[in-house]
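**Student:** Residues per chain, in single letters:
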Amino acid sequence: MKIHPRFLVIPALVAGLSAASAADITGTVTLNGTPPEEKIIDMSAIADCSKQHPEPVKTQFYVVGANNGLKDVVVCLKNVSKSTGDSAAPLVLDQKGCEYIPYIAAVQTGQKIVIKNSDPVFHNVDVIPTQDGNKPANKAQAPGAPDITISFPKEENFLRFKCDVHPWMFAYVTVVDNPYFAVTDKDGKYTIKDVPPGKYTIAAAHRKANGNKPVEKEIEVKPDGTVVDFTIDLPK
Amino acid sequence: MTRSVSNPWLHRFAVLTAIATFALVGLGGLVTSHNVGMSVPDWPTTYGYNMFRFPMSQWVGGIMYEHTHRLMGTIVGVLVVILTRWLGGRPSCKPLVFVGALEIVAGCALLWLAPNLRGTGHFLWGVGVVVLLAGLVLIRNKPAPGSLVALGWIVFVLVQVQGLLGGLRVVLIKDAIGIFHALLAQFFFVLLCAIALFTSRWWQNLGEKVPQLTDRGGLRRLLIFGTLLIFAQLMLGATMRHQHAGLSIPDFPLAYHKLWPPTDPASVRSYNQHRLDVEETNPITAFQIILQMVHRIVALFIFCAVAVTAWKARRNLGSRHPLSKFSVLWLGLIFFQIILGAATIWSNKAADIATAHVMTGALSLVLGALLTIVAFRVLIPVRVAAIQRAETASSTVLAGKPVATSAK
Numbered sequence: 001m002k003i004h005p006r007f008l009v010i011p012a013l014v015a016g017l018s019a020a021s022a023a024d025i026t027g028t029v030t031l032n033g034t035p036p037e038e039k040i041i042d043m044s045a046i047a048d049c050s051k052q053h054p055e056p057v058k059t060q061f062y063v064v065g066a067n068n069g070l071k072d073v074v075v076c077l078k079n080v081s082k083s084t085g086d087s088a089a090p091l092v093l094d095q096k097g098c099e100y101i102p103y104i105a106a107v108q109t110g111q112k113i114v115i116k117n118s119d120p121v122f123h124n125v126d127v128i129p130t131q132d133g134n135k136p137a138n139k140a141q142a143p144g145a146p147d148i149t150i151s152f153p154k155e156e157n158f159l160r161f162k163c164d165v166h167p168w169m170f171a172y173v174t175v176v177d178n179p180y181f182a183v184t185d186k187d188g189k190y191t192i193k194d195v196p197p198g199k200y201t202i203a204a205a206h207r208k209a210n211g212n213k214p215v216e217k218e219i220e221v222k223p224d225g226t227v228v229d230f231t232i233d234l235p236k
Numbered sequence: 237m238t239r240s241v242s243n244p245w246l247h248r249f250a251v252l253t254a255i256a257t258f259a260l261v262g263l264g265g266l267v268t269s270h271n272v273g274m275s276v277p278d279w280p281t282t283y284g285y286n287m288f289r290f291p292m293s294q295w296v297g298g299i300m301y302e303h304t305h306r307l308m309g310t311i312v313g314v315l316v317v318i319l320t321r322w323l324g325g326r327p328s329c330k331p332l333v334f335v336g337a338l339e340i341v342a343g344c345a346l347l348w349l350a351p352n353l354r355g356t357g358h359f360l361w362g363v364g365v366v367v368l369l370a371g372l373v374l375i376r377n378k379p380a381p382g383s384l385v386a387l388g389w390i391v392f393v394l395v396q397v398q399g400l401l402g403g404l405r406v407v408l409i410k411d412a413i414g415i416f417h418a419l420l421a422q423f424f425f426v427l428l429c430a431i432a433l434f435t436s437r438w439w440q441n442l443g444e445k446v447p448q449l450t451d452r453g454g455l456r457r458l459l460i461f462g463t464l465l466i467f468a469q470l471m472l473g474a475t476m477r478h479q480h481a482g483l484s485i486p487d488f489p490l491a492y493h494k495l496w497p498p499t500d501p502a503s504v505r506s507y508n509q510h511r512l513d514v515e516e517t518n519p520i521t522a523f524q525i526i527l528q529m530v531h532r533i534v535a536l537f538i539f540c541a542v543a544v545t546a547w548k549a550r551r552n553l554g555s556r557h558p559l560s561k562f563s564v565l566w567l568g569l570i571f572f573q574i575i576l577g578a579a580t581i582w583s584n585k586a587a588d589i590a591t592a593h594v595m596t597g598a599l600s601l602v603l604g605a606l607l608t609i610v611a612f613r614v615l616i617p618v619r620v621a622a623i624q625r626a627e628t629a630s631s632t633v634l635a636g637k638p639v640a641t642s643a644k
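Going down the list, the protein sequences come from chains A and B.
Heads up: the first sequence begins at 1 in the working numbering, then just goes up one per residue.
Heads up: the second sequence begins at 237 in the working numbering, then just goes up one per residue.
Read the hints as simulated data drawn from the structure, not as lab findings.
It cannot be assumed that every hint is accurate.
As the list claims (entries may be wrong) - Calculated lysine-lysine pairs in the DSSO-like style (CA-CA distance at most 27 Å, straight line): (1) B/K494 - A/K213; (2) A/K39 - B/K585; (3) A/K112 - B/K410; (4) A/K112 - A/K139.
As the list claims (entries may be wrong) - With beta-carbon atoms standing in for the labels, derived distance ranges: (5) B/V514 - A/E216: 30 to 40 Å; (6) B/F537 - A/S118: 49 to 59 Å; (7) B/D588 - A/K82: 43 to 53 Å; (8) A/P153 - B/L338: 54 to 64 Å.
Each residue gets a CB set at the ideal place from its N, CA and C atoms; glycine is no exception.
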């Protein structure tokens, strides 16, 4: 059946208006306190790993940038179930230099995570969820092996990926049931795009500082955007 | 009680198998101490390779510990099959051939009918080939005394169960199987050491060299109690280690600077926030903290129980009695084990120290078990001794001879 163009006008207008009224939430997360020294990761026992790092590799527990901006904080809207994970672009988790890159990430429920092995060594991808419904897995990945694709149906904070061959290798992926999340950059800045205006609860969680008890705020997202800053206290 | 066979080579082979098993326990301990039990996700292959053909250049990191543990497990398995064949003598050939053939058929059937159990299928037919070959060996040796043959069959079954458990722990990703695998290893090691004892000349001559005495101090019960307490402690230790949470309490002898640490949610959250280890382990829980405290308390109980045992042995049997000497050795081993436990904490669970702690625990259990076995041979309960004296006295009176004074 042929649809007359006039019948497409109203749906197009509605879509356009929705897009036009969706706004961004931006902000900065800062750390209150002086973090402990990062520890050096000793890769010397495995030459194929150590030779990829001319400089010492350190842990990334608290990566603090300009003006105490805190990296790797997952900021997301709470209690919004609107996952578009099935159609979202996959998150790429790469094993390179015997490290997971990125170390902290976030995805939607049902969104694919593609795990690559860019190293000349064997890795095993050991996935250790804690939420019922998210299945554990442990898969071998030889150098040059096909990518491993995995997804999770349930929300979970800082779901752990590890490599048991290289016991310092970890990544943490927060699974959120909506597309409104971001991970802060090296200066603690984040942007959550295309949030429909309205009232929400927004939470900021840093794995070591407050992973079990995120900082939450009640906000109202305006059509022209909203700025929400967080301060996370260093644990005493 | 089991009497030994007079075949020194059988005894030496049993000792070799026990030593190999002790090394296997150590390698397994290293796997868990380094937290690399999942570093080889497939089984019985290794990253898709036949495990005997995995390139040595790739034996790195966690793979080195897990892969060598599996290889050593294979060696122990072969040694145990040979031991079973040797103990069982010629009559064991048919059962071994039957079991081997059955395992080959079962393994192939699993490969065909249950593709998701491929690992188990490959394991079964591989083991079956070894067992079948052992049964086809044509040496016509006589079997050992009945109970030794039975022990041989028990370890034959257990070593295969152990292999299966180890593989399933990996492919099913189940920590609980890992705990059972660890505990069964300790029990298996005790049985092998018992076989080594029963095949020894020392055991054979024990009745002549050490007269039977009355167990006035309740030594047999004390030895059973101490040994069972050690096994319970090993259960606690295995449960702690397979939480994969590292040290739930980072200091000793205090616990988070207190005699008893707070375990409320806020405190536990704080403990986790302050843990900054390169090898990021699972977060700790209140249960794990309490588990470690119980482990520390049981260690004290074990020390007291073994100290009392050693003291009573010396007092009632004299310092030159084998039970007295070995009880003192047992006490020394427990003391050393406590030092190792403290060192495990002070070193932030250094893998070599933690593994030494596991191996010393295994030795403590074995020594307790063997002392118990020896005690049940050389000591008789008070009431049984009284009955024996009465019988001796009445038969002496009937024969018109003076009544002899009884043993101590």
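**Student:** Confirm or reject each hint.
**Tutor:** Going down the list of hints, with the structure as the test:
Only pairs whose Cα atoms come within 27 Å are accepted, and B/K494 paired with A/K213 is accepted, the gap being roughly 26 Å. A distance of roughly 17 Å separates the Cα atoms of A/K39 and B/K585; the hinted pair therefore holds under the 27 Å criterion. Note on A/K112 and B/K410: the hinted pairing holds, with a Cα-Cα distance of about 25 Å set against a maximum of 27 Å. Distance restraint check for A/K112 and A/K139: the Cα-Cα separation of roughly 16 Å lies within the 27 Å cut-off, and the hinted pair is therefore satisfied.
For the pair B/V514 and A/E216, the beta carbons lie near 31 Å from each other, so the given range of 30 to 40 Å is met. For the hinted restraint 49 to 59 Å between B/F537 and A/S118, the CB-CB distance of approximately 53 Å keeps it satisfied. About 52 Å separates the C-beta atoms of B/D588 and A/K82, a value consistent with the hinted range of 43 to 53 Å. Between A/P153 and B/L338 the C-beta distance comes to about 42 Å, which lies outside the given range of 54 to 64 Å.
Against the hints set out earlier in the document, a violation occurs for number 8 only.
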